[in-house]
Amino acid sequence: MADKVLMKGNEAIAEAAIMAGCRHYFGYPITPQTEIAAYMAKRMPKIGGTFLQAESEIAAINMVYGASAAGVRAMTSSSSPGISLKSEGISYIAGSDLPAVIVNAQRGGPGLGGIQPSQSDYFQATRGGGHGDYHMIVLTPASVQEMAELTIHAFDLADEYRMPVMILADGTIGQMMEPVSFDFDIKPAPEKPWATVGTGMKRPHNVVNSLYLNPAELEQNNFDRFKRYEIIAEKETMYEEFMTDDADIVLAAFGIAARVSRNAVLAARKEGIKAGLIRPITVWPFPKAPFAKAADHCSSIISVELSMGQMIEDVKLACECRVPVTLCNRVGGMIPTPNQILDAIRAAAKGGK
Amino acid sequence: MTIFEKPHSLVDIPLHYCPGCTHGIIHRLVAEVIDELGIEGTAVGIAPVGCAVMAYDYFACDMIEAAHGRAPAIATGVKRADPSHIVFTYQGDGDLASIGTAEIVHAAARNENITVIFINNAIYGMTGGQMAPTSLVGQVTQTSPYGRDPKLCGYPVRVCEMLSELEGPEYLARVTVNSVANVRKAKKAIKKAFQNQIDGKGFSLVEVLSACPTNWGMTPEKALEWIDTAMIPYYPLGVYKDRSAESEAKA
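Protein chains in written order, with our numbering: chain A, 1 to 353; chain B, 1 to 251.
So that you can see chain A by itself, here it is in the shape it has in the complex (with noise of 0.2 Å):
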């Protein structure tokens, strides 16, 4: 598959999780991902794969803890509410050190909300989201090319890493259409001698487990795991830096919000103001290494979110505060224009040097 295809976000995941092995997809309906359920529910039987309809997240989520635990490759995908339900079941994964792929393709809340895009749910994803000391690596996608690359991406991490990892995208890229290449290296998935598949008389008993009733023991157990999390922060933090090397405003954007905040960069620029955007990919690991660069020399930062303000607080840790953040937003399902964004670079630009 060399050439490009037309495709929408949410089939361009479903479509590279199989190409990345993944044979096992459970899952619950819910707008604004219900493509990517009924994508694996058509491949799947024909390529020898399991997909199945779960009574609920809090099923589905624990039926990818299972399958995880027997070590094949498995997902699910759900979008803000459904996310929540999953919640309990990404902790015990996190806490049983077991990989899977989850994807959230976010809509307005809080509640029912909307089913419009939207990114109010970083908070939940970037703080693990359900309960204990835990991380998701999280994934930004801000196209349909990049929600290709970053599911096969997930699925390597998971694996590497043993733990969950979220495709944090929203409703406008799972809905658009744009032209994929899945042109990809696949990687085999590595040995899991660590997966409950039956003793075969062998070995002793694997046992996949989160409970540690000795405080010392589960101690030590989230010393190590957050020392995991220090080597994944080091290695796999992911970003993108459009025209931030003279830039005097400095925008952070992630998904559909750095689309919108790219052309405004472009619009700036014509008018003389020196403007750049800074595209964390990860944004757990956070990509704080490009902001304090950028506060040795730009005089201000804007952080364009679909959110009430979520991610501008990881910018304001990154950049230690050296320069003003502001925040230049729209939620509910609204999304700003260029024009707005352009508006507020002008505005920094004014109240700045």
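Any given hint could turn out to be false.
Result set (DSS-like, lysine-lysine): computed pairs, CA atoms no more than 30 Å apart in a straight line [unchecked claim]:
{"no.": "1", "chain 1": "B", "residue 1": "Lys188", "chain 2": "A", "residue 2": "Lys202"}
{"no.": "2", "chain 1": "A", "residue 1": "Lys46", "chain 2": "B", "residue 2": "Lys188"}
{"no.": "3", "chain 1": "A", "residue 1": "Lys202", "chain 2": "B", "residue 2": "Lys6"}
{"no.": "4", "chain 1": "A", "residue 1": "Lys288", "chain 2": "A", "residue 2": "Lys270"}
{"no.": "5", "chain 1": "A", "residue 1": "Lys202", "chain 2": "A", "residue 2": "Lys235"}
Bear in mind the hints are in silico, worked out from the structure with no lab data behind them.
Predicted model, so just to flag it, every value in this text is computed and none were measured.
Knowing the structure of chain A, use the given hints to seat chain B on it.
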């Protein structure tokens, strides 16, 4: 000549269960069946949250610890990953009949080819004796100190009867382990529930009425009697569904 020995599929460590608790007997029955069917090497067990939470330490086959009530969903994932695994869950009444009702009902409805060992002792044991979905009317517990009042909290759930209304499941039976004769019958039912899975017949659940002397506030002996006098009248023993036997009888 060996007269009596520990089943191979039971790990040789002390169990944490209280004196007089019948979990130990039921663990042993499950392990004996696993040995007799020669499935220890392919078996994957799912432990619950509740008194049997540490069952993963006791069974020698590969084991998974589940979130509260979710064992049938996890078992589904394991079984779908590789149908050659012999997958069983071991769940208590709070786990299966309260917080995990959706998971058990839909695993049964799908006729998921798994084996479920359901321990009904009419109480939450691990947390110290609270009212369970299966606590009897009038039963005094920490959270029903004046006795379970059906006006306030409804009636106890009969799981076998409820699931028997579904088209899906293959085999549903209720047994107990309060006498030698009943232990033998319980083992037969558990063996059938595993054999059904090996034969690809589908969802099999054995409900075992179990004693909790500690939280019932009884001696072990009295607790075994209470199963006869209080539990069995509300939870009659017997086979509630046996699809293969029914279709053979029809033929």
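So, going through the hints one by one against the coordinates:
Proximity of B:Lys188 to A:Lys202 is assessed by CA-CA distance (about 29 Å); at most 30 Å being required, the pair is judged to hold. Straight-line distance between C-alpha atoms of A:Lys46 and B:Lys188 comes to about 40 Å, which puts the hinted pair past the 30 Å bound. A hinted pair counts as satisfied when its Cα atoms are at most 30 Å apart, and A:Lys202 with B:Lys6 qualifies at roughly 20 Å. Pair hint A:Lys288 plus A:Lys270 holds up; C-alpha atoms about 29 Å apart against a cutoff of 30 Å.
For the proposed pair A:Lys202 and A:Lys235, the alpha carbon gap of about 36 Å is over 30 Å, so the pair is violated.
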